[in-house]
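Engineer: So you can see what is in the structure, the chains are spelled out below.
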Amino acid sequence: MDLILFLIFAIIAVVSAVNVVVQTHPISSAVSLIGVMGSLAVLYLLLGAEFIAAAQVIVYAGAVMVLFIFVILLLNAGAETKRGRSFMVQLLGVPLLIALLGLLAFFVSRLFPRGVSVRFGGFTGGTAQAVGKALFTTYLLPFEVTSLLILIAILGAIVLARKELD
Amino acid sequence: MDAFVVISLIKAAVIAFVLLTAVAYLQWVERKVIAHIQLRMGPYRVGPHGLLQPLADVIKLITKEDMMPSYVNKPIYLLAPFIAVSMSLLSIAVIPFGPTISVAGYQTGMQLADLNIGVLYILAVSSMGVYGVALAGWASNNKYALLGGLRSSAQMISYEIPMALAIASPLLISNTLSLKELVATQSGSVLDWNVLHRPFPQIIAFLIFLIAGFAETNRVPFDLPEAENELVAGFHTEYSSMKFASFFMAEYLNMVTVSSLATLLFLGGWEAPWPAAKGSNLIPSVIFLVAGLTALYHAAHPARRMDKYTLAAFGMVFLALAGVFVLPIVQSWLLPLFWFCAKAGAILFAFMWVRGTLPRFRYDQLMSFAWKFLFPVAMLNLLVTSFLVAWF
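Line by line, the protein sequences are chains A and B.
Residue numbers are given in the working numbering: position 86 of the first sequence equals residue 86, and the series is strictly consecutive.
Residue numbers are given in the working numbering: position 334 of the second sequence equals residue 1334, and the series is strictly consecutive.
Chain A on its own, in the form it takes in the complex (with noise of 0.2 Å):
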């Protein structure tokens, strides 16, 4: 059951990151990456982290991507329009693309130890209370600096965003 439910979010996962990038109008670029959150807050979920599965949709597929498409509204982006690729781009596409697959493979297989397989359900620290606890004692100062880092992110967006005084 959980392997099925696995197979078939992870090629809803893949197939919707293709469409983001295979997609010409932008709208359709970001219902397919709302799909790729989406399912991956299924994964979280299936390995067990069911804090963190709720977080992503809340905040990746919720909020986040809610502005994308809100700003894609606003300024009411149209398709764009598909140019000849360039003699550069049919030549080393394909070779560039497999290089990047096989160093991806070959750092994953170097990382992470042979015969430790990911177990579903395997994460016990998901629940609310764990990662909450986590937040405050193990990882008490990133995560006040991160706040930090946010609060100076959100003073330089009013900064930007104020209008000019005469």
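Be aware that a few hints might be false.
[Unchecked claim] Chain B side only, calculated, beta carbon under 8 Å to chain A, not exhaustive: (1) 1127; (2) 1131; (3) 1149; (4) 1177; (5) 1279; (6) 1384.
[What the hints assert, rightly or not] Here are the simulated PhoX-like cross-link-like pairs (lysine-lysine), alpha carbons at most 25 Å apart as the crow flies: (7) B:1278 <-> B:1011; (8) B:1032 <-> B:1278; (9) B:1074 <-> B:1143; (10) A:163 <-> B:1372; (11) B:1180 <-> A:133; (12) B:1032 <-> B:1060.
Don't read these hints as lab results, they were simulated from the structure.
Glycine included, every Cβ here is placed at the ideal spot set by N, Cα and C.
Following the hints, put chain B in place on chain A, whose structure we already have.
Structural biologist: Chain B alone, transformed into the frame defined by chain A:
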């Protein structure tokens, strides 16, 4: 198949059937309530007191011609109503309507799924519901629809923040994210409900939640996305037949979700206002008895010719219900259901009341109200609550 799957399927079917019927009749209730506020009769022709009007509306909506304009973006145009209605149906799955009961020796809760992140689940699903409206507005390729979609997404993003902050404060008091445990922490009397709970009564959070809930469901006074005097019908201008009905259903389902969530978070869910030992389990019977006797009195002194039969029939139904509520075998599940429906129904009535009495906000007022008033107040409320919860 094991018993869990069978029971879950039965529960899903029952909840879906009851909910969709309730949504159809909510529309009838709303038309009646607003009609009476405006000194009109409301629907009266189809069936006694217009009671078959929802059925007629459903048949009309299904059999109407489904127009699709040639200039729409077809896949997204078709996707949008589907997102809207499925997201609003999904959030009902975690709402508990009553405590755990035993049916034929099998223990089961009166809810589909008891998630330990139930509140977050509802927030997540409702934040996905924005796409239905925003994409419908865009895909229609119509300037009024686009403006409606834009307004709606801006409004929903803005009001989601005070709403989430207002939800956070009762969670601090109850110390759980599961909707079922949330109700368990509020059991006892009315003073234990989160709206009046020690150490800090959440009345402010309750009001903020309701206001933000009105905005999230695009209801008056925040129905800017479909402001008919300026935007024709807003985001669903280009939709007809069942696709239009899907948006309509989504709006009513969201109303039901918001009312249920307010009931669970602030009003003690299915708990009675005071303990059953002091006679709270007689209240439903008394209410139905009074309603039945009133109907029978008016049937004896009819104002209109038909009232002699219709009001007499309603009176008998109410008296029968009053009798059902004192039967000991059904009390264990009927009483919690009654209290849940009564509280959620009171909030739904407030939705209609506000629609009948308040004008619409201007767009800049809507935004400044959310960001300059609701957001700071919700933040302050959360801060005070967390200090007091940490203190005591």
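Engineer: Indicate, hint by hint, whether the structure satisfies it.
Structural biologist: Status of each hint after checking the structure:
1. 1127: With a closest approach of 3 Å, the residue 1127 of chain B hint holds.
2. 1131: 7 Å, holds
3. 1149: 6 Å, holds
4. 1177: Holds, about 5 Å.
5. 1279: 39 Å, violated
6. 1384: 20 Å, violated
7. B:1278 <-> B:1011: 33 Å, violated
8. B:1032 <-> B:1278: The given pair, whose Cα atoms are some 36 Å apart, is violated under the 25 Å limit.
9. B:1074 <-> B:1143: With Cα atoms ~17 Å apart, residue 1074 of chain B and residue 1143 of chain B stay inside 25 Å; holds.
10. A:163 <-> B:1372: 18 Å, holds
11. B:1180 <-> A:133: 23 Å, holds
12. B:1032 <-> B:1060: 20 Å, holds
Of the numbered hints listed earlier, those contradicted by the structure are 5, 6, 7, 8.
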